[in-house]
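Novice: Take these sequences, add in the hints, and give me the full structure.
If you read the protein sequences in the order shown, they are chains A and B.
Mapped onto this note's numbering, the consecutive letters of the first sequence carry residue numbers 1 to 142.
Mapped onto this note's numbering, the consecutive letters of the second sequence carry residue numbers 1001 to 1302.
Simulated from the structure, these hints should not be mistaken for laboratory data.
Errors might be hidden in some of the hints.
Listing some non-contacts, in silico: residues in chain A with all C-beta distances to chain B over 12 Å [what the hints assert, rightly or not]:
#, residue
1, Ile-14
2, Gly-15
3, Gln-43
4, Glu-52
5, Asp-56
6, Asp-59
7, Thr-61
8, Ser-66
9, Asp-67
10, Thr-69
11, Pro-70
12, Ala-81
13, Tyr-91
14, Gly-94
15, Ala-123
16, Val-126
Which chain B residues face chain A? A few, computed with CB under 10 Å, are given here [what the hints assert, rightly or not]:
#, residue
17, Leu-1044
18, Gln-1045
19, Ala-1091
20, Ala-1104
21, Leu-1254
22, Asp-1301
Please read these numbers as outputs of a predicted model, since none were measured by experiment.
Beta carbons are placed, not taken as given, at the ideal position from N, Cα and C, and that holds for glycine.
Below are the chains, spelled out letter by letter.
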Amino acid sequence: MVDTERVDINGTPIGVACGTCHGPSPSESWAGREGEDFHTGLQVVHGDLACESCHDAVDKTRLHLSDNTPVDMLDAMTLCAQCHGTQFRDYRRGSHGGMSGYWDTTRGPRERNHCVECHAPHAPAVPRVSPAPPPIDRGAHE
Amino acid sequence: MIDEDPTRRLALKAGGATLGAAAFARALAPLTEWKPTTSVDEFLQKHYKELDAAEMKEVLARLEQDTLEETGVSVSIADPRPLPGVRFAYALNLSICIGCRRCAEACHKENNHDRASHNSYIRVLEMEKGSLDLAKGNAHYTSPVPRKGKLYMPVQCHQCDNAPCVKVCPIEATWKEADGIVVVDYNWCIGCRYCEAACPYHARRFNWQKPEVPAEEINPDQAYLSNRLRPQGVMEKCTFCLHRTREGRFPACLEACPTGARVFGNVLDPQSEIRWVLENKRVFVLKEDVGTRPRFFYFFDE
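Specialist: Rendered as structure tokens:
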């Protein structure tokens, strides 16, 4: 999410999802505006990483692994997994990351979240959320 | 002396009879008042386990018709049976649970819970990190989560293999099914609440009132033993969403979890995610010392 420095009618900041410009493949990338200009407001709070740790030095719509092997946007998970191995292992084993569908995959499909659906790549810490309303029951601990 | 005033005696007799009849009618009032909501068929209905396929079909049709008349909503009430070769288990990763209560909310809607009490089979306890002190757990927090230094622990029915709630039921209205799920026959339950008292996890709920759900919010995908609209005065509990899970789908609480803290599946399948968690994570059960042998596990990431 990139901040546009504009707010909607409720005062909520309007962001532009990365995918709006950066499609799943480089050929779909939107090059109608200078990248650095647009990304001015982008906050990077992701360890000590530099832009080039993940992005290609010239074409920022391309990603690469730490050994400079190019990696497709769709395979960005491989890139995340270089540092977050235990999370990647747990993801593959079904104990990290939301999912829906069928526990019995012989009966129906299953949908998995991608890392970036919860963790914005440039600021992966998950922000606080408001909890759903509490129960109004007898005997629950106050 | 004896027959001195036959009119008075007659009057007294008549008066007594009238009073007696009035008292009798008053004593029967609960029965007569109760009749409109309980049909003869419902009153005479056999225990779930004694119903044959044809009888069950009739019962389900009657319940669907009753729901239609009461709420105006056309629902489908099925009776999915345990799948052969399937034993369910559930595990929850406390390291990544953020306490957002999306699971409890999903349960609330999926299982047609009473809207006024905002009932749910899941209670999320907010505790000091490192304490696991359930007695000091707060289920009513409202500030944004996760709060610093807090641990969040969702608690629901643990579908115990040695379930105290099943043992204390005086009429076998609750029992354990072959796939590990503990169920209640709402039409057999007498509402004595022994099971609620026996459960060490505070997982059972009592319907003090007839649950009220607005017609447009009723989940029409229902099952006899799970989320159909419950009558007043009976116990209810988490059924691992058997109307979904016995069709191979995930329970509603798992699908609602944004972090993937919940792992559900068939422990008899060596390739299942739940098996991997049980074999590779340091899982524990709640109140192991009370010997309930839960099918619900907790774990922390290493």
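Novice: Just checking, Tyr-91 of chain A versus chain B, shortest CB gap more than 12 Å?
Specialist: violated (8 Å)
Novice: Can you verify the interface hint for Leu-1254 of chain B: is its Cβ closer than 10 Å to any Cβ in chain A?
Specialist: Holds, because the Cβ-Cβ distance from Leu-1254 of chain B to chain A comes to roughly 7 Å (cut-off 10 Å).
Novice: Could you check that no beta carbon of chain B comes within 12 Å of the beta carbon of Thr-61 of chain A?
Specialist: Since the minimum Cβ distance to chain B is about 28 Å, Thr-61 of chain A lies beyond 12 Å and the statement holds.
Novice: Would the least Cβ to Cβ distance between Ser-66 of chain A and chain B come out above 12 Å?
Specialist: At about 24 Å from chain B, Ser-66 of chain A clears the 12 Å cut-off, so the statement holds.
Novice: Just checking, Ala-81 of chain A versus chain B, shortest CB gap more than 12 Å?
Specialist: holds (15 Å)
Novice: Does the nearest C-beta of chain A fall within a distance shorter than 10 Å of the C-beta of Ala-1091 of chain B?
Specialist: Interface hint status for Ala-1091 of chain B: holds (7 Å vs cutoff 10 Å).
Novice: Could you check if Leu-1044 of chain B really has its C-beta closer than 10 Å to a C-beta on chain A?
Specialist: Since chain A brings no Cβ nearer than about 33 Å to Leu-1044 of chain B, farther than 10 Å, the hint is violated.
Novice: Run the C-beta distances from Val-126 of chain A to all of chain B and say if the shortest one exceeds 12 Å.
Specialist: At about 7 Å from chain B, Val-126 of chain A fails to clear the 12 Å cut-off, so the statement is violated.
Novice: Taking C-beta pairs only, is Asp-59 of chain A more than 12 Å away from all of chain B?
Specialist: Given that every Cβ of chain B is farther than 12 Å from that of Asp-59 of chain A, nearest at about 33 Å, it holds.
Novice: With 12 Å as the threshold, tell me whether Glu-52 of chain A passes as away from chain B on beta-carbon distances.
Specialist: Holds, since 30 Å exceeds 12 Å.
Novice: Hint check: is the beta carbon of Gln-1045 of chain B less than 10 Å from a beta carbon of chain A?
Specialist: Given a least distance of 29 Å, the restraint on Gln-1045 of chain B is violated.
Novice: Using Cβ atoms and 12 Å as the threshold, tell me whether Gln-43 of chain A really stays out of contact range of chain B.
Specialist: holds (20 Å)
This entry does not satisfy hints 13, 14, 16, 17 and 18, going by the numbered hints stated previously.
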